[in-house]
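There are 2 protein chains.
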Amino acid sequence: MNALIERLRDGLPEDAVLTDPDVTGSYAHDMASFCPAGTPAVVVLPRTVEQVRHVMRTATALRVPVVPQGARTGLSGGANAVDGCIVLSLVRMDRVLEVDPVDRIAVVEPGVVNADLSRAVAEAGLCYPPDPSSWEQCTIGGNIGTASGGLCCVKYGVTAEYVLGLDVVLADGRLMSTGRRTAKGVAGYDLTRLFVGSEGTLGVVVGATLALRPRPPRQLALAAEFPSVAAAGDAVCRIMAAGHTPALLELMDRTTLRAVNELTRMGLPESTEALLLAAFDTPDPAADLAAVGDLCSAAGASEVVPAEDEAESAMLLQARRSALVALEAIRGTMLIDDVCVPRSRLADMLQGVEAIAEKNDLTIGVCAHAGDGNTHPVVCFDGRDPQEARRAQSSFEEIMALGLELGGTITGEHGVGVLKKEWMARELGPVAMEVQRGIKQVLDPLGLLNPGKLF
Amino acid sequence: MNALIERLRDGLPEDAVLTDPDVTGSYAHDMASFCPAGTPAVVVLPRTVEQVRHVMRTATALRVPVVPQGARTGLSGGANAVDGCIVLSLVRMDRVLEVDPVDRIAVVEPGVVNADLSRAVAEAGLCYPPDPSSWEQCTIGGNIGTASGGLCCVKYGVTAEYVLGLDVVLADGRLMSTGRRTAKGVAGYDLTRLFVGSEGTLGVVVGATLALRPRPPRQLALAAEFPSVAAAGDAVCRIMAAGHTPALLELMDRTTLRAVNELTRMGLPESTEALLLAAFDTPDPAADLAAVGDLCSAAGASEVVPAEDEAESAMLLQARRSALVALEAIRGTMLIDDVCVPRSRLADMLQGVEAIAEKNDLTIGVCAHAGDGNTHPVVCFDGRDPQEARRAQSSFEEIMALGLELGGTITGEHGVGVLKKEWMARELGPVAMEVQRGIKQVLDPLGLLNPGKLF
Chain S
2 MNALIERLRD GLPEDAVLTD PDVTGSYAHD MASFCPAGTP AVVVLPRTVE QVRHVMRTAT
62 ALRVPVVPQG ARTGLSGGAN AVDGCIVLSL VRMDRVLEVD PVDRIAVVEP GVVNADLSRA
122 VAEAGLCYPP DPSSWEQCTI GGNIGTASGG LCCVKYGVTA EYVLGLDVVL ADGRLMSTGR
182 RTAKGVAGYD LTRLFVGSEG TLGVVVGATL ALRPRPPRQL ALAAEFPSVA AAGDAVCRIM
242 AAGHTPALLE LMDRTTLRAV NELTRMGLPE STEALLLAAF DTPDPAADLA AVGDLCSAAG
302 ASEVVPAEDE AESAMLLQAR RSALVALEAI RGTMLIDDVC VPRSRLADML QGVEAIAEKN
362 DLTIGVCAHA GDGNTHPVVC FDGRDPQEAR RAQSSFEEIM ALGLELGGTI TGEHGVGVLK
422 KEWMARELGP VAMEVQRGIK QVLDPLGLLN PGKLF
Chain G
2 MNALIERLRD GLPEDAVLTD PDVTGSYAHD MASFCPAGTP AVVVLPRTVE QVRHVMRTAT
62 ALRVPVVPQG ARTGLSGGAN AVDGCIVLSL VRMDRVLEVD PVDRIAVVEP GVVNADLSRA
122 VAEAGLCYPP DPSSWEQCTI GGNIGTASGG LCCVKYGVTA EYVLGLDVVL ADGRLMSTGR
182 RTAKGVAGYD LTRLFVGSEG TLGVVVGATL ALRPRPPRQL ALAAEFPSVA AAGDAVCRIM
242 AAGHTPALLE LMDRTTLRAV NELTRMGLPE STEALLLAAF DTPDPAADLA AVGDLCSAAG
302 ASEVVPAEDE AESAMLLQAR RSALVALEAI RGTMLIDDVC VPRSRLADML QGVEAIAEKN
362 DLTIGVCAHA GDGNTHPVVC FDGRDPQEAR RAQSSFEEIM ALGLELGGTI TGEHGVGVLK
422 KEWMARELGP VAMEVQRGIK QVLDPLGLLN PGKLF
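Chains S and G are the protein sequences, given in the same order. In this text, residue positions in the first sequence follow this note's numbering: the first is 2, and each later residue adds one. In this text, residue positions in the second sequence follow this note's numbering: the first is 2, and each later residue adds one.
Since the hints were derived computationally from the structure, they do not count as laboratory data. Note that the structure is predicted; figures quoted are calculated from it, not measured. Careful: at least some of the hints might be erroneous.
What the hints assert, rightly or not - Restricting the straight-line Cα-Cα distance to at most 27 angstroms, the calculated cross-link-like pairs of lysine-lysine (BS3-like) are:
id, chain 1, residue 1, chain 2, residue 2
1, S, K441, G, K156
2, S, K441, S, K422
3, G, K441, G, K422
4, G, K360, G, K422
5, G, K360, S, K441
6, G, K441, S, K422
7, G, K156, S, K156
8, S, K441, S, K360
Stated by the list, open to error - A few chain G residues that don't get close to chain S, going by computed Cβ distances all over 10 angstroms:
id, residue
9, R8
10, P228
11, G268
12, G301
13, G384
Each residue gets a CB set at the ideal place from its N, CA and C atoms; glycine is no exception.
Generate coordinates for the entire structure from the input sequences, incorporating the hints supplied.
In structure tokens:
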């Protein structure tokens, strides 16, 4: 190992190579529960593209695996270390290099925090829409690696739709540019998109050109209470079929509402089975909310409460954003699923999850990006109880099986990582898996980049 | 060759295998000028996925190249035959299988004509935005192959953004599904995007799941006249920097205006150097047009004329849509370029093209999707005059060189085909080209799919 450290130090500043096991151990895993993580040999924190190239050249020369990392807020173990690896943390490459209001692009390094970018572009009257729940911590590089979503996707789409071009250091240290800084471009295969969502298995993203949008007007929200998750799912269908485009359309079930109240004392309605939050950032949001409120009532909502003002709207969103932390508190441990179904099947999905919870005698809280059909069933359990943990694991898998049965995907936005790799093969089938492996082989013939993830 | 025909007939109906050279010859090329095209051995017109699989199995067994084709409206020779090939025309697979207003998707066969799909989804209150100029002829399969754009891209994006999932027959006849019918999904590498824009070189698209949008309100347009192309380019920058999102923002230069008048007797202003067309489909398009009109005036517009009504708006767009045909009439032959630059460099691009025309003593008319920075300089020449043809070819290449110099791409939406393959290598550089070739090798190890295109 000393040869590795020595060689890494040849091209990196002193403070960019961490070897103290107490320190490197803290880089071993992301925020996923129950995902195996190995012990890194070393953690490197480069500040320049040239330093990243040095790391990859070294790794290739010595055949050492490399695990690229952002803020480690991932939920699938995609950033977990493997034994003896180099953890390549990009968090120090955190500059916004350019914001251009005419071309509506930002050029950034991978370690920029999502919310920092949002604030930087807001100053130029622009907006970078993708907003994962972890936006105050997560990095753009991590967002690109997992093709992150967020609350705004129902109107504004996911990370992939905002990545125009990338600078990527390949496994052998060569630098490749993909894509463009123009609005359009079709020269050759879309390598940019190939890297988005590749979870660090194809190369190391060291720069990105991102598309921006004009800042939308402030949004106004409403909350609608439903006597069943099925009725809430029906409301979502009616809203979308009527041609509305809310800026967000979120759902929390009763378990989630209670957990959020427990955590925040927000006083959300606990007797309702499902709460739907809709928001509009259109020129006349109040009119759109009124129309959506009527559709909720027609679907059986017992109560429709438009927010009084922006502050109240923001509070409702805050409740939704605190759902995961709140649910974790219920039994101390949780498994967060991320199944996305066609939104026409949302009600079936929600009812199916209720049945799975009952069958396995467990609490499963559901929050969902309902407008996208992207559900996050959270299986709550006591991790110290092996039997309960087994039932939790089984529920987690039954939820994915149900999602596939309903024409959905095992992961809408969290990625595959180590958590769902067996399930990825089930979803994609043998022919697509062979092609996926072939592409991996082209870009990482020695299998050094984030091994054990995806495949 | 008889063995090939016989074997193809084993799995195809009688009328799906064309061998008469007079007939097959008419399938030899698309609409690009000056692109080499070979002589097909046979043209097949399957109606089912199984029939396509039979064709590909046969091609692989006998090592015969296959050229997939849609309506052959392409402008880069991407659908041109090679000697002895099977032309695989998908035009008979032309069914819209499903339109779902809740999931906002359409499931289609590849031979569906773009405008037919638009009409079919309009009946369900929905919209499929991508609208290439050839939309009344071109097929969705062809649009996917070339990642087509159109007039609406400045607001609604390109074909790639509307393809959620694909069914693809691989070179060896295996069937692979990619992507999803959900709003989101990140399981594995994005193979869907890899096929979009791959120009038939990686597999044969036999089905597509497309994203739809709610139908926008009808649009209202204005025309603004400028004393120079630079002033028009400046207006585009001001419009975008001010945060407007027009539904289209198109430019025609004086040469184009005169040619359109010549063809259509529309009475467009001929003394102006550049005409900018802007349209909005917002809730209050008149207000947006007024604001944009002011910005045009500030940039030096001599005249700003809002359309009186929808009919007049439609007529302005009709003028824009007839630009290419009109320009072709000037000298009988044309080379259509497709250089896209950052919109902040649009004025530089337009002035540079003027200089190239002058230097080469040629007429070059420019129409452009100005809001995207996507210019179509059309080099007009007399194809019977070898010297003029040489100067035209040289201008065509100087235009691409200028585009790259300005940070642009050689092709915004028409694709590489055979027309621009040397230039693709120049744009992408050796590392990206090696990766592109590696991916081709994974999916088409025998090199049978549309050989000679892209590479």
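Against the structure, the hints:
| no. | hint | in the structure |
| --- | --- | --- |
| 1 | S:K441 / G:K156 | 35 angstroms, violated |
| 2 | S:K441 / S:K422 | 15 angstroms, holds |
| 3 | G:K441 / G:K422 | 15 angstroms, holds |
| 4 | G:K360 / G:K422 | 25 angstroms, holds |
| 5 | G:K360 / S:K441 | 48 angstroms, violated |
| 6 | G:K441 / S:K422 | 25 angstroms, holds |
| 7 | G:K156 / S:K156 | 14 angstroms, holds |
| 8 | S:K441 / S:K360 | 40 angstroms, violated |
| 9 | R8 | 23 angstroms, holds |
| 10 | P228 | 21 angstroms, holds |
| 11 | G268 | 31 angstroms, holds |
| 12 | G301 | 17 angstroms, holds |
| 13 | G384 | 27 angstroms, holds |
Hints 1, 5, 8, counting from the list given before, are not met by this structure.
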